[in-house]
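Q: Listed below are the residues making up each chain.
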Amino acid sequence: MAKKIINEDINDEIREVLIEEGAEDIYKCYQCGKCTSICPWFQVDMYNFPVYRFSLETSMGMVASSEDKDELAAEIDKIYRCVGCDACVTQCPHGIDTPSILRAARRLLVDFGSYPETLKSTAQKIKNVGNPLGEPAEKRADWAIDLNVPKFQEGMDHLYFPCCLPAYDSRIQNVAKATAKILQQYDISFGILGEKERCCGEAIRKVGAEKVFTEVCKTNIKEFSGSGVKNVLVSSPHCFTTFKNEYPEFGADFETLHITQFLSKLIDEGTIKPSKEFNKKVVYHDPCTLGRKNGVYEEPRNCLKCIPGLELLEVEEFNRNLSVCCGAGSGGLWMEWEKNERIADVRLKQLIDTGADIIAVACPYCLQMFEETLKSMNLEIQVLDVTEILYESL
Amino acid sequence: MDIIVCIKRVPQTAEAEVKIDSTGKDIEKDRLTFDMNESDTYALEEAALMKEKFGGEITVISLGDEDAEETLRIALAKGADNAIRIKAEDFDELDAFQTSQILKSVIKDLSYDIIFTGCISTDDAYSQIGLTLAELLEIPHAALVIDFDANEDRADVQRELEGGLIEHLDVALPALFTIQTGINEPRYASLIAIRRAAKKEIQVIGKDELAQSEFISNSTLEKLYVPPISKQVEILDGTAAESSAKLAGIIKDKGLL
Numbered sequence: 001m002a003k004k005i006i007n008e009d010i011n012d013e014i015r016e017v018l019i020e021e022g023a024e025d026i027y028k029c030y031q032c033g034k035c036t037s038i039c040p041w042f043q044v045d046m047y048n049f050p051v052y053r054f055s056l057e058t059s060m061g062m063v064a065s066s067e068d069k070d071e072l073a074a075e076i077d078k079i080y081r082c083v084g085c086d087a088c089v090t091q092c093p094h095g096i097d098t099p100s101i102l103r104a105a106r107r108l109l110v111d112f113g114s115y116p117e118t119l120k121s122t123a124q125k126i127k128n129v130g131n132p133l134g135e136p137a138e139k140r141a142d143w144a145i146d147l148n149v150p151k152f153q154e155g156m157d158h159l160y161f162p163c164c165l166p167a168y169d170s171r172i173q174n175v176a177k178a179t180a181k182i183l184q185q186y187d188i189s190f191g192i193l194g195e196k197e198r199c200c201g202e203a204i205r206k207v208g209a210e211k212v213f214t215e216v217c218k219t220n221i222k223e224f225s226g227s228g229v230k231n232v233l234v235s236s237p238h239c240f241t242t243f244k245n246e247y248p249e250f251g252a253d254f255e256t257l258h259i260t261q262f263l264s265k266l267i268d269e270g271t272i273k274p275s276k277e278f279n280k281k282v283v284y285h286d287p288c289t290l291g292r293k294n295g296v297y298e299e300p301r302n303c304l305k306c307i308p309g310l311e312l313l314e315v316e317e318f319n320r321n322l323s324v325c326c327g328a329g330s331g332g333l334w335m336e337w338e339k340n341e342r343i344a345d346v347r348l349k350q351l352i353d354t355g356a357d358i359i360a361v362a363c364p365y366c367l368q369m370f371e372e373t374l375k376s377m378n379l380e381i382q383v384l385d386v387t388e389i390l391y392e393s394l
Numbered sequence: 001m002d003i004i005v006c007i008k009r010v011p012q013t014a015e016a017e018v019k020i021d022s023t024g025k026d027i028e029k030d031r032l033t034f035d036m037n038e039s040d041t042y043a044l045e046e047a048a049l050m051k052e053k054f055g056g057e058i059t060v061i062s063l064g065d066e067d068a069e070e071t072l073r074i075a076l077a078k079g080a081d082n083a084i085r086i087k088a089e090d091f092d093e094l095d096a097f098q099t100s101q102i103l104k105s106v107i108k109d110l111s112y113d114i115i116f117t118g119c120i121s122t123d124d125a126y127s128q129i130g131l132t133l134a135e136l137l138e139i140p141h142a143a144l145v146i147d148f149d150a151n152e153d154r155a156d157v158q159r160e161l162e163g164g165l166i167e168h169l170d171v172a173l174p175a176l177f178t179i180q181t182g183i184n185e186p187r188y189a190s191l192i193a194i195r196r197a198a199k200k201e202i203q204v205i206g207k208d209e210l211a212q213s214e215f216i217s218n219s220t221l222e223k224l225y226v227p228p229i230s231k232q233v234e235i236l237d238g239t240a241a242e243s244s245a246k247l248a249g250i251i252k253d254k255g256l257l
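Chain order of the listed sequences is A and B.
The first sequence maps to residues 1 to 394 in my numbering.
The second sequence maps to residues 1 to 257 in my numbering.
It should be emphasised that the hints constitute simulated quantities derived from the structure, not laboratory data.
For every residue, glycine included, the Cβ atom is placed at its ideal position computed from N, Cα and C.
One thing to keep in mind: the hints can contain errors.
Derived contacts from chain A toward chain B, CB cut-off under 10 Å, selection only [said to hold, decoys possible]: (1) GLY33; (2) SER66; (3) GLU67; (4) LEU72; (5) ASP111; (6) LYS120; (7) SER121; (8) VAL129; (9) GLY130; (10) VAL212; (11) THR214; (12) LYS305; (13) GLY309.
Chain A extracted, bound-state conformation:
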């Protein structure tokens, strides 16, 4: 039965604080519900995630408000279900930024340690050792040991910033290796920061840990400007979006390109010409942060279309700005949800139903989320980064 709200339940102070923290869009909502129907959680049968209610509840100051311990835990669980994919933002007639409304609540909760333990641990690892995996800084460049990748020096054209997963994860290191080998093959001037490289902080900011983000952001800006970095190439759309759209407000003064943008340009110019046949059916999954948030749809496809023998497939309807999130954004990568409550299951089914041999991604988070989820689903389909496929064809 629906809960009856009485005047005493409404809390003006909470509403005002949430507006100060970024929930200023709440009054634009007229409850049409398009956000709920486009939200990836809507496609997960076993989980009810009423996005349309967040603006209304925030306008009444009724967010994470229950006095009951278990009800409050369920409310906070909901706040941390949002994967920040922006599907609702692009479909809302008024462009309401619901992820930011939820992030306003997250910021207040984080300051009082009232958020999931797994995310607390992730924030601690990023602050304490500079990456969400808790790995030591001196191992950050181990992926590059056999490749003769130089340390970045002033005068080099590009800094390659691989992201924490390609730097440390034994499987995803192959993405950083493939990228470095392509750049070396075409004599691109680039270097890496090695052990001075630290997490970009994008995900932890979305979790609400603003203080940790601000600290890593300022540390990175200082390191980049001190090293004379002007152009950054990244493998992760998450590093891409935060360097490009968020770091400038903290004084960053460098250009950032996602690796697929850079390689696509070299392909268009005729510098890169894949020659080996890659006779596979490949479906490309648009990462939310690269596509919907930054409009980079065609460049990753361009990197695949130029490969001889490769048949590029699309997920019917749910591609480009309608792509469904893998579930790893805004801290989702570190959350543990029940097997029948996972967005990745839904998206993988859509991708597998295309009949593809390979799922191509352009984001380390998507790569890890899909590979881990496939293991628990007992399904076998290969997941590769666009750079891994491109390197194979050169």
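Following the hints, put chain B in place on chain A, whose structure we already have.
A: Relative to the frame of chain A, chain B by itself:
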């Protein structure tokens, strides 16, 4: 039922590379995050559960520097009614015995039925404060409590002993209990409680406000060092069945099962 909970703000070292600082008596803390000591969060939750059952007030106390007020506010948002900070900056290095005496000098004047502390702090790991404090206050105590219930004047507790044994005790109140992790599920704070806690006054007590000024020390920290890395490898020979039996014997002998 009035309850006191002693809490400590500690560096989070589980996910960090711990380095000894230049004094040789502490660790480098610049890049570390801080949070409420883990077992203290369970102690606070146990207090909140008792308050739900019997009413009364929870007072949290921390001997810490100004940053400890952040941790006290978290406690206020998660069920505490009052918070006291004893100014650590008024003291030089303190050992566990001195800390217990200082806590006692404040707590002896407060009204309480139960005192909860965490069973161990994750930084110094002395496990001494709770029991020493109880002895100084001359009240009963039980350590490593894994199950707790109470009525108005007695507590029914279970505590962990070595080798998987559990001791079941009936304890007269007032008494002190050191709480083991896992006894309950610590709660989140609601946004309303967070806002309320942000505005609450924290009572700050300096050294000169305490009834006594000298606190006897019974230990001195000589130096901190990283233990030398050693390897001990034992190869179990024989068939799969024989080596499995040997392995099972070793696990049993070491009390791991």
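Q: Looking back at the numbered hints, which does the structure fail to meet, lowest number first?
A: 1, 11, 12 and 13
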